[in-house]
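Enquirer: Listed in order, the protein sequences are those of chains A and B.
Convert by adding 23 to the 1-based position in the first sequence; the result is the number in our numbering.
Convert by adding 507 to the 1-based position in the second sequence; the result is the number in our numbering.
Worth double-checking, as some hints may not be accurate.
Said to hold, decoys possible - With a straight-line Cα cutoff of 30 Å, these simulated DSSO-like cross-link-like pairs (lysine-lysine) come out: (1) B:743 x B:611; (2) B:611 x B:518; (3) B:672 x B:585; (4) B:510 x A:107; (5) B:611 x B:540; (6) A:107 x B:576; (7) A:247 x B:518; (8) B:540 x B:510; (9) B:576 x A:247; (10) B:540 x B:576; (11) B:518 x B:700; (12) A:284 x A:247; (13) A:107 x B:743; (14) B:540 x B:700; (15) B:617 x B:576.
Said to hold, decoys possible - Some chain A residues well away from chain B (every beta-carbon gap over 10 Å; in silico): (16) 75; (17) 77; (18) 103; (19) 107; (20) 114; (21) 117; (22) 145; (23) 188; (24) 268; (25) 282.
Keep in mind the hints are simulated off the structure, nothing from the lab.
For each residue, glycine too, the CB sits at the ideal point set by N, CA and C.
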Amino acid sequence: MRVNFLLTLIRVGFGNRKLTKIANVLTKPRPIRLKGRSFLALSLAPELPFEDWLVGLDDLADRSAGFFLRRPVILDVNGLDINKAELRDLIDRLGQRNVRIMGVEGARNSLLGPDMPPAMSEGRPAADFEPPTEAEDGQAAPAAEPLPAVTQAPVQSSGSLVVTEPVRSGQSVFFPEGDVTIVGSVASGAEVVAGGSIHVYGTLRGRALAGANGNSAARIFCRKLEAELMAVDGFYLTAEDMEPDLRGRSVQAWLDSHALKTAILG
Amino acid sequence: MGKVIVVTSGKGGVGKTTSAAALGAALARGGDKVVVVDFDVGLRNLDLVMGAERRVVYDLVNVIQGEAKLTQALIRDKRVETLFLLPASQTRDKDNLTPEGVEKVITALKRAFDWVICDSPAGIERGATLAMRHADVAIVVTNPEVSSVRDSDRIIGLLDAKTLKAENGERVEKHLLLTRYDPVRAERGDMLKVDDVLEILSIPLLGIIPESMDVLRASNLGSPVTLADEDSMPAKAYFEAARRLKGEPLPVTIPGERRGFFGKFFGRKAA
């Protein structure tokens, strides 16, 4: 019986996505920032039978009251053969222990109901979390100290993602780790979100959001601009705000002192 | 084993049912055994277009729920011996379609027919996803206008994600069927050009069906246009599309243009 604490870095991106534009007759509307933020979450991987696993959890909770308080907790049900009712029951029983689940990882769609925590994916592994030991017992609830938010330096382009298919309407390419290169077009109603720059060797008709983790040096390049929206580090331009003579041209977009600039390439 | 084709579009009213019936009849005229399956439970139309509405006894939902045998529900066409229809239920709704039931029916049909043509309902919900689930080939029916093209793009994305083939790491073969193409409006520039649609969707072109009164007239007669008037422009276009479906490298002619563009449009591979 093992209580598996995996510390998983989850990205709660664009929590405050506000795209409402304040109409202003005299000045051009100021760009609104779309912020990305990362939090560290505990990932709990329950094991069957749940009865035994919960005993282990209770044992841990006895040693350190409030261990789970104020921590974001993800339930990792990957590989577990359970049904919706069993999952709901588990979440309820965790709730009775003051363990509130903010998301479920590795669950089939059919496992989750509208009244249950949302599905989470694309979590990145982080170092294992040390469960509190007996020695800490004397101290007042160690969990009372809030989990430090991961203050991230803008993620440098450590990786790159190459997509060789067209990105279709309704699809979303999300790659916070670095640059995204699309060999093909990005359709109207599709979305590319990158931590680094975005390169589209086709027509960009949908949305491109570069530098999503606060990388203001990121840029957007496309062979043919028909975009609905472009953003770098949260500063965005909608199709309406783009220079009309850029449409249909090869264009790059970059950030210059809090304003998104665009120019024809080459 | 027969091939399973889904005729789909996302958007409604673009000509899915008309195309499913016309292609089915065209393939059957060539001697192939064809069944056209109506997946539009609750809003069935295929029986009307095929002129079989007064012969429906059992339907797809009856078969799935075990109330009828497949052979009892299949309706043989009166004009073409090798053409069959599996109608949808009009009184039930799409929740009566279960993945297991659909799989059973499709597997049985594949064994008995050369072509199983699934006429998908509009939308991207249960009926549409179940209709595409077992497809080997998808015919994406699109009108040359922006909303239809975007919906088709969405459907192509789903074909690459939600089908059995996609889940097994294979690919569903996808073809574009451009319908309701109006040469006069195209000339005036009121419609998207064929090239623009192909550039956006980047899948190979199966055919261009001209907008024509013959299609409407055939539907009202309860006959696929390929059986009602086989010399009409749309019927010829559907016959050619059926031949391309069977692998013939036939050039696509853009209606209203005199010359055919040999190999210019057909055979273009997806990016």
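Enquirer: State for each hint whether it applies.
Expert: Here is what the structure says about each hint:
1. A hinted pair counts as satisfied when its Cα atoms are at most 30 Å apart, and residue 743 (chain B) with residue 611 (chain B) does not qualify at roughly 35 Å.
2. Restraint check: the Cα-Cα separation between residue 611 (chain B) and residue 518 (chain B) comes to about 28 Å, which is no more than 30 Å; the hinted pair holds.
3. With a C-alpha separation of about 34 Å, the suggested pair residue 672 (chain B) and residue 585 (chain B) falls outside the 30 Å cut-off, and the hint is violated.
4. Under the criterion of a C-alpha separation no larger than 30 Å, the hint pairing residue 510 (chain B) with residue 107 (chain A) is inconsistent with the structure, at around 36 Å.
5. Annotation: proposed proximity of residue 611 (chain B) to residue 540 (chain B) holds, straight-line Cα distance about 19 Å (limit 30 Å).
6. Between residue 107 (chain A) and residue 576 (chain B) the CA atoms are separated by roughly 33 Å; this puts the pair beyond 30 Å, and the hint is violated.
7. About 27 Å separates the Cα atoms of residue 247 (chain A) and residue 518 (chain B), which keeps this hinted pair within 30 Å; it holds.
8. At most 30 Å may separate the alpha-carbon atoms for a hinted pair to count; residue 540 (chain B) and residue 510 (chain B) meet this at roughly 11 Å.
9. At most 30 Å may separate the alpha-carbon atoms for a hinted pair to count; residue 576 (chain B) and residue 247 (chain A) exceed this at roughly 55 Å.
10. For the given pair, residue 540 (chain B) sits about 19 Å from residue 576 (chain B) by alpha-carbon distance, which is consistent with the 30 Å threshold.
11. For a cut-off of 30 Å, the pair hint linking residue 518 (chain B) to residue 700 (chain B) stands: about 19 Å separates their Cα positions.
12. Among the hinted pairs, residue 284 (chain A) with residue 247 (chain A) is consistent with the structure: their alpha-carbon atoms are about 16 Å apart, no more than 30 Å.
13. Annotation: proposed proximity of residue 107 (chain A) to residue 743 (chain B) is violated, straight-line Cα distance about 53 Å (limit 30 Å).
14. Taken as a hint, the residue 540 (chain B) and residue 700 (chain B) pair is broken in the structure, with Cα atoms around 35 Å apart against an allowance of 30 Å.
15. In summary, the hint linking residue 617 (chain B) to residue 576 (chain B) is supported, as the alpha carbons are separated by about 16 Å, within the 30 Å threshold.
16. Look at residue 75 (chain A): its CB is around 34 Å from the nearest CB on chain B, clear of 10 Å, so calling it non-interface holds up.
17. Its beta-carbon lying about 33 Å from the closest one in chain B, residue 77 (chain A) satisfies the requirement of being farther than 10 Å from that chain.
18. Residue 103 (chain A), annotated as away from the interface, keeps every beta carbon of chain B farther than 10 Å; the closest lies near 20 Å.
19. Consistency note on residue 107 (chain A): stated as away from chain B, and its beta-carbon is indeed over 10 Å from all of that chain's, at 16 Å minimum.
20. Every CB of chain B lies more than 10 Å from the CB of residue 114 (chain A), the least distance being 26 Å, so the non-interface label holds.
21. Against the 10 Å criterion, residue 117 (chain A) stays outside the reach of chain B, whose nearest CB is about 31 Å from its own CB.
22. At roughly 16 Å from the closest C-beta of chain B, the C-beta of residue 145 (chain A) stays outside 10 Å, upholding its exclusion from the interface.
23. Separation of residue 188 (chain A) from chain B is inadequate, the least Cβ-Cβ distance of about 8 Å not exceeding the 10 Å criterion.
24. Every beta carbon of chain B lies more than 10 Å from that of residue 268 (chain A), the smallest distance being close to 20 Å; the non-interface claim holds.
25. Here residue 282 (chain A) stays apart from chain B, with its beta-carbon at least about 30 Å from theirs, past the 10 Å limit.
When held up to the earlier numbered hints, the structure conflicts with 1, 3, 4, 6, 9, 13, 14 and 23 and fits the remainder.
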